[in-house]
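Colleague: Chains as they are written, first to last, in the numbering used here: chain A, 217 to 396; chain B, 217 to 396; chain C, 217 to 396; chain D, 217 to 396; chain E, 217 to 396; chain F, 217 to 396.
Just so you know, the hints here were simulated from the structure itself, not pulled from any lab data.
Bear in mind the structure is a predicted one, so any value in this text is a computation, not a measurement.
Certain hints may be false.
The list treats identical chains as interchangeable, and a pair is accepted whether it falls inside one copy or across any two copies.
Once the Cα atoms are required to be at most 16 Å apart in a straight line, the calculated EDC-like pairs of lysine to aspartate or glutamate come out as [unchecked claim]:
1. LYS307 <-> GLU375
2. LYS307 <-> ASP379
3. LYS355 <-> GLU318
4. LYS322 <-> GLU264
5. LYS221 <-> ASP275
6. LYS330 <-> GLU264
7. LYS355 <-> GLU393
8. LYS271 <-> ASP223
9. LYS307 <-> ASP258
10. LYS221 <-> ASP339
11. LYS307 <-> ASP383
Given next are the chains, with one letter for each unit.
There are 6 protein chains.
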Amino acid sequence: MFVHKIDEDLSLKLIEYRDAQNIFNLINNSRAYLREWLPWLDSTTKLEAQVDYIKASLDGFSKRKSINTVILFQNQIVGIAGYNEINWSNKTVYIGYWLSEEFQGKRIMTRVAKALTNYVFTDLALNKVEIRVATSNIKSRGIPERLGFTNEGCIRQAEWLYDHYVDHVVYGVLANEWSS
Amino acid sequence: MFVHKIDEDLSLKLIEYRDAQNIFNLINNSRAYLREWLPWLDSTTKLEAQVDYIKASLDGFSKRKSINTVILFQNQIVGIAGYNEINWSNKTVYIGYWLSEEFQGKRIMTRVAKALTNYVFTDLALNKVEIRVATSNIKSRGIPERLGFTNEGCIRQAEWLYDHYVDHVVYGVLANEWSS
Amino acid sequence: MFVHKIDEDLSLKLIEYRDAQNIFNLINNSRAYLREWLPWLDSTTKLEAQVDYIKASLDGFSKRKSINTVILFQNQIVGIAGYNEINWSNKTVYIGYWLSEEFQGKRIMTRVAKALTNYVFTDLALNKVEIRVATSNIKSRGIPERLGFTNEGCIRQAEWLYDHYVDHVVYGVLANEWSS
Amino acid sequence: MFVHKIDEDLSLKLIEYRDAQNIFNLINNSRAYLREWLPWLDSTTKLEAQVDYIKASLDGFSKRKSINTVILFQNQIVGIAGYNEINWSNKTVYIGYWLSEEFQGKRIMTRVAKALTNYVFTDLALNKVEIRVATSNIKSRGIPERLGFTNEGCIRQAEWLYDHYVDHVVYGVLANEWSS
Amino acid sequence: MFVHKIDEDLSLKLIEYRDAQNIFNLINNSRAYLREWLPWLDSTTKLEAQVDYIKASLDGFSKRKSINTVILFQNQIVGIAGYNEINWSNKTVYIGYWLSEEFQGKRIMTRVAKALTNYVFTDLALNKVEIRVATSNIKSRGIPERLGFTNEGCIRQAEWLYDHYVDHVVYGVLANEWSS
Amino acid sequence: MFVHKIDEDLSLKLIEYRDAQNIFNLINNSRAYLREWLPWLDSTTKLEAQVDYIKASLDGFSKRKSINTVILFQNQIVGIAGYNEINWSNKTVYIGYWLSEEFQGKRIMTRVAKALTNYVFTDLALNKVEIRVATSNIKSRGIPERLGFTNEGCIRQAEWLYDHYVDHVVYGVLANEWSS
């Protein structure tokens, strides 16, 4: 029901229970593609996993700890994006996202990340946005780089991906650096 | 953040913690006016009551029991509307609403109730919308009547208002009767 | 253990865990009969469903939201009756009930509903009792009618019964109308 | 509402929220008397303590851990009695009780303890009832002794009473010893 | 991680999740032996039961209701001991324990019970330690007896063991009797 | 009760409720000193804040999310150290610590951090330890540097300290780099 419009093609919709089947289908169509960089593909092979995810998302939203949205491109769900972890004391937030394989190449995620960052500074009144990306995930790193985020460091072996660790680059942008 | 647009002037925004002060101010400016028909004016004289209300609203939202929104008129909060009680087994829903005194007379609430009813049938896929109004609240009764709801009965002494009981008219509209 | 005596033959006992098997047997013996007007027959085909129901009943009782009793006729469980939903703010209560097929025709339910209504006004000090019955359930409608309840309206398509909707008649009686 | 009748004069009623004021008054009238053997007099000087106690009692009841009743003598609340701790694995139960000062000397508590013991063996199908009494509380010890309980031991310094410890006598009776 | 050292050979370690497999193996090697006096052998035939037990133990620890430790003999887990139930109002505590079959005969449990009792009086500042043992469990009774506990009574049919009841001897020692 | 011994002078004890007063005194004696780098000094001016902290700590411990210990130097509490956040999926952990002013200069914290790091790799079997320190907190930065941690980046404006933001250096060490 509730939508944050980005431009004519794109908007973010607060995740809802009835999105479960559509998200599940989207994942199924991109499973091999997504598995390269995301750790949860093997634990989401049933629809129930999506229902649990939505339940956890809405619980996080109601407690102001996180906000998860579905990305709507021309009214179709094409991925997930949101604030994974909101720290109200330190006024920082992590942005996380994924996009299905077939919608790559349209600059969708850059526009989404830009809109999410705008919202952090203009509406949530926080001070910093961080994005963490696996070091060798060149495509995903392009997003914070295009948006002018600063590379603040490389956190080694930060994440376990099925059978190996990956390093993370931490990108950050401060409220006083950002001009929407 | 999340908005359901009705028309150029009007939209519904999922209630958020940072709305507390604005809602509280709105209530304070209309306290005597609202108290004629609403039972909660005496228990909401402090800002904390709004925070508790928002917390309960978001909890209800995350459990799919209710949805509360603030009504935005020209980007300003002018009232509250939403689904008070969603019954997924019987596929029915109650709509509730209030509007501050100074924004009366602009057909705001009729447009809001129409949009909420549309959404019930098109997106939530429920079967019936009910609105309960105090029998002598002529202004509020006009809303379901203008929208073509059927008067289904008068529930006597249905609500305690500070020092007296009021009767309720139950209005209802079915999915197969509604043409948005 | 705890019993509310109605007359020589009849009493209401607060539901207990050790009633689970007896209630389950009772339902099994009347399953087709009860299924005509009650929505829960298909989800109570195992004993565990009764244990869950009793657990929910006792939880509702301890929170003052509802009271469920077994109807004892000559010391035998013959049905369930109680207050489904107690609204302490508005001082109203819904009465719900069912009786197994073989104990029909003894005016048991009329006596039970009368006793439950008495108790609402004399002990719980509430203001109104409501009974909602499916419009075409003539036998059940006889109960509030014999007790002098007022027909306050017909709520259309109020309940989903397996494969169709049924309308509900709302009956109500006020404290100042009732003489036990 | 729910009553377990003992004889013409006496019954046990499941504790209810609306008993709070009456129990509180009863305690206030016997405060010095009760304080000799009960540990909770100093923490129950406000009505809210009774409401909390009733809430905890009903919660224990709904979870089958304990049952607290008010003792009604000629329809008046004169004390509290019940099962403090039900152990369903070992099939044992503790009985606890107190009676206000002015109703002493009528054998009320002996009749109550007898009824509670009967109920344990006939309805709850447990195997053993225990009563623990302070060693020097001669009056209270008379109750299990009159009912034929066996003195099973003296647990030294078992309870802290404001400024000193008291020893407890443990009395017990087994199902196969009891003839109601 | 956290260890309470008793002597060169013996220590008590706060139970941890990663002990589950070792405890489970220990039980499996002594199942017939332990089953003579302990009631939980038939409900712990899967590893998950140990995980649940550890979870409950840590929850009890964090709420100050109980403390469960693994007994380490020469750095190997040989049994479980701890405070089953801490009563902060009456300043009493129950000690419970079991030791696998192959480590019997080394006075391990007497040393453990002595250490646990010391700790109750010196650090927890409680007033009394109780140990309850089945009357005919001569070996286990030797422990409180060697430590100078007083036999305070025989609680008849206190515990259900699969197919029969056993009586319990209650042993107790007071702070002012104990000299570590 | 439960202690992890580091050397003759130093050990870590799992935090307990009865430490509340001692920790509170320790903070009070170092309040101005600690306030330079820690954000919680203004919200811990009453003893209750320590009780809440201990409660949260034990809850985190029982859920395996964190472990907080008091640092004992010659049997006296001199600070707090532990694992703030354990990530079992990625096998990483953050170490956090503070030491009161008067015990500075004894290399206490370096020994503590070394012992905590050892334990992560040898017992918890995790893969990485991180320590985050404010960039200009030279003294605290010395600890991971002396222990051979790698500086992995500078997270800008990572923390709000009363009236200004501070940057954080992230130090990390991997299991395969560590030789205790």
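Colleague: Please sort LYS330 with GLU264 into within, between, both or neither, judging by C-alpha distance up to 16 Å.
Modeller: Neither, since 32 Å and 34 Å both go past 16 Å.
Colleague: Regarding LYS307 and ASP383, is the shortest C-alpha distance of 16 Å or less found within a copy, between copies, in both, or in neither?
Modeller: Between copies only: 13 Å across chains, 25 Å inside a chain, cut-off 16 Å.
Colleague: At most 16 Å between CA atoms: does that hold for LYS355 and GLU393 within a copy, between copies, both, or neither?
Modeller: Classified as neither; 23 Å inside a copy, 30 Å across copies.
Colleague: At most 16 Å between CA atoms: does that hold for LYS221 and ASP339 within a copy, between copies, both, or neither?
Modeller: within (14 Å within a copy, 18 Å between copies)
Colleague: Given identical chains, is LYS307 near ASP258, meaning Cα to Cα at most 16 Å, within a copy, between copies, both, or neither?
Modeller: Answer is neither; intra-copy 33 Å and inter-copy 18 Å both fail.
Colleague: Between LYS307 and GLU375, at a C-alpha cutoff of 16 Å, which is it: within one copy, between copies, both, or neither?
Modeller: between (24 Å within a copy, 8 Å between copies)
Colleague: With identical chains treated as interchangeable, where does the CA-CA distance between LYS221 and ASP275 reach 16 Å or less: within a copy, between copies, both, or neither?
Modeller: neither (23 Å within a copy, 25 Å between copies)
Colleague: How would you label the pair LYS307, ASP379 (within, between, both, or neither) given a Cα cut-off of 16 Å?
Modeller: between (34 Å within a copy, 13 Å between copies)
Colleague: Measure nothing new, just compare the shortest in-copy and cross-copy C-alpha distances for LYS355 and GLU318 to 16 Å and report within, between, both or neither.
Modeller: within (14 Å within a copy, 52 Å between copies)
Colleague: Is it within, between, both or neither when you check LYS271 against ASP223 at 16 Å Cα-Cα?
Modeller: Neither. Shortest intra-copy (28 Å) and inter-copy (31 Å) distances fail the 16 Å Cα cut-off.
Colleague: Given identical chains, is LYS322 near GLU264, meaning Cα to Cα at most 16 Å, within a copy, between copies, both, or neither?
Modeller: neither (31 Å within a copy, 45 Å between copies)
In summary, the numbered hints that this structure violates are 4, 5, 6, 7, 8 and 9.
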